Amino acid sequence: MKPFSASLDYVGRTVMHYVEEMGRIMTLFFSILFWMMRPPLKARNIFKQMEFVGVKSIFVVVLTGLFTGMVMTLQGYHGFRLFGAETMVGSTVALGMTRELGPVLTSLMVTARAGSAMAAELGTMRVTEQIDALYVMAANPIKHLIVPRVIASVLMVPLLTVVANFVGIAGSYFVGVNLLNINEGDFINNIYKMLELNDIYSGLVKAAFFGLVLSVVGCYKGFNTTGGAEGVGRATTQAVVISSITILVSDYFLTAIMF
Amino acid sequence: MIKLVDVHKSYGKQKVLDGLNLAIEAGKTTVIIGRSGGGKSVLLKHIIGLIKPDSGHVLIEESDITRLSEKDLNEVRKKFGMLFQEAALFDSMTVGENVAFPLREQTKLKDQEIRQIVADRLRAVGLSGVEEKMPSELSGGMRKRVGLARAIALHPRIVLFDEPTTGLDPVMTEAINQLIMDTQKNFNLTCVVISHDIQSIFRIGHKIAMLYEGRIIEYGTPEEIRASDNPVMRQFLSGSVDGPIKVT
Chain A
3 MKPFSASLDY VGRTVMHYVE EMGRIMTLFF SILFWMMRPP LKARNIFKQM EFVGVKSIFV
63 VVLTGLFTGM VMTLQGYHGF RLFGAETMVG STVALGMTRE LGPVLTSLMV TARAGSAMAA
123 ELGTMRVTEQ IDALYVMAAN PIKHLIVPRV IASVLMVPLL TVVANFVGIA GSYFVGVNLL
183 NINEGDFINN IYKMLELNDI YSGLVKAAFF GLVLSVVGCY KGFNTTGGAE GVGRATTQAV
243 VISSITILVS DYFLTAIMF
Chain B
364 MIKLVDVHKS YGKQKVLDGL NLAIEAGKTT VIIGRSGGGK SVLLKHIIGL IKPDSGHVLI
424 EESDITRLSE KDLNEVRKKF GMLFQEAALF DSMTVGENVA FPLREQTKLK DQEIRQIVAD
484 RLRAVGLSGV EEKMPSELSG GMRKRVGLAR AIALHPRIVL FDEPTTGLDP VMTEAINQLI
544 MDTQKNFNLT CVVISHDIQS IFRIGHKIAM LYEGRIIEYG TPEEIRASDN PVMRQFLSGS
604 VDGPIKVT
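So the protein lines, in turn, are chains A and B. One gets the numbering used here by counting positions in the first sequence from 1 and adding 2 to each. One gets the numbering used here by counting positions in the second sequence from 1 and adding 363 to each.
Honestly, the hints are just simulated from the structure, not real lab data. As the structure is a computational prediction, the values presented were derived from the model and not from experiment. Hints are supplied without guarantee of correctness; some may be wrong.
Stated by the list, open to error - Listed below are the simulated BS3-like cross-link pairs for lysine-lysine, each with C-alpha atoms no more than 27 angstroms apart in a straight line:
(1) A:LYS145 x B:LYS442
(2) B:LYS441 x A:LYS44
(3) B:LYS434 x A:LYS44
Sequences and hints are given; from them, build the entire structure.
Right, here's the structure in full:
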């Protein structure tokens, strides 16, 4: 009985830990909403974060989108050719990019690049008492540090997704039409026929949600860092892992609701 | 001016403050001494409301800050400046922006006026003309002086110093001590300094309080502290490993 009760105890503690953590993340989320409503918003900080999250992520997002579109076309072509439907490759890639891969891959890349940086920067500010210094100067750290990052992420991840979608489809066109000799007219016509605006919109809604997830989790982990340099490293790793898993899991449920 | 009444604080099973009582006089420098990890910084963070006690009261000019909302607590905090152990300058801002930060947050002063005050405060700490430098370009002593300039930017009535001379060479230690004394005198501040630098405490303190096992066990003028026959106090001042303070 003993090992059984010990295992049960371990499982119980782990579940409790995650439930508590979710509760704390939700508390932070509502604090963010509260401080978002209270003017003045720090426009300078928001633009600075938009540049960091958005502009500086363009290169990596373009690369990811481009090669995803290209490789999907390459793989899809061989499959579709078996029953003579090569011209459907473009529309399949376009649907895949706009509905799923655009928002998910963009969010994962932004998580790796900016979400981790948020956790590391805020974590360093925590362990070097810069966050305490904000409190001492009667400046709310959530308003100063977290709100700009969340607003920037919610706005910029959808924009980056548009870029990823565009270059993904462009990459698909290049491989399909130029390298695999799919008829250009059929390729484009099928995309027009299959792709609806709703596919693009729903992808962008997902992207905005993922932007919210990666920024809230990154900021939460950084903001609650303890234990010096090791703690900052731990917070950064956890931020990336939790954000990535949450994005992938929530993508399933969002897809189930939207389509 | 500042009173801590029966303050208790524990982290898990470890009691850090255990019924601590302390009254800090206005317009004077009170130095709090004690062994490393003995709760001095925790005590300082109670005074400015960064940590709430498990029980007890922290009175700032008769207002019990343990019962205040965050908004009211911020009003009380405007009376304070604080120099952190590693200065806690914002890495992403220049020195000028760091010193200007509380002015931009708490006042409606124009840019020109803010620039003037920043220059004045930096001059007061002997660092004219460093406004455009980044904190990473400064030495430890310079960072602490910029931290002090930021702490006094809003003309606070109370300034808290968390180990202001730790990690500095003797010359810079003396320079910072002198700066604390000058600043206290010129701005008529109530200063609370945490330190375990014996030379510094006698140099800058009007009153000295010894924190031991969560309580203030000795409080008095430097002369009274020197003459104390409390064995803990004697051991701490002599730096001996033999005595009631156990090295763990």
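Checklist entry - Within 27 angstroms, alpha carbon to alpha carbon, are LYS441 of chain B and LYS44 of chain A? => result holds, 21 angstroms
Next on the checklist: What's the verdict on LYS434 of chain B and LYS44 of chain A, does the C-alpha distance respect the 27 angstroms limit or exceed it?
Outcome noted: holds, 19 angstroms
Item to check | Pair hint LYS145 of chain A and LYS442 of chain B, alpha-carbon separation not exceeding 27 angstroms | outcome: Measuring from Cα to Cα gives roughly 21 angstroms; hence the hint holds.
Hint compliance for this structure: no hint is broken.
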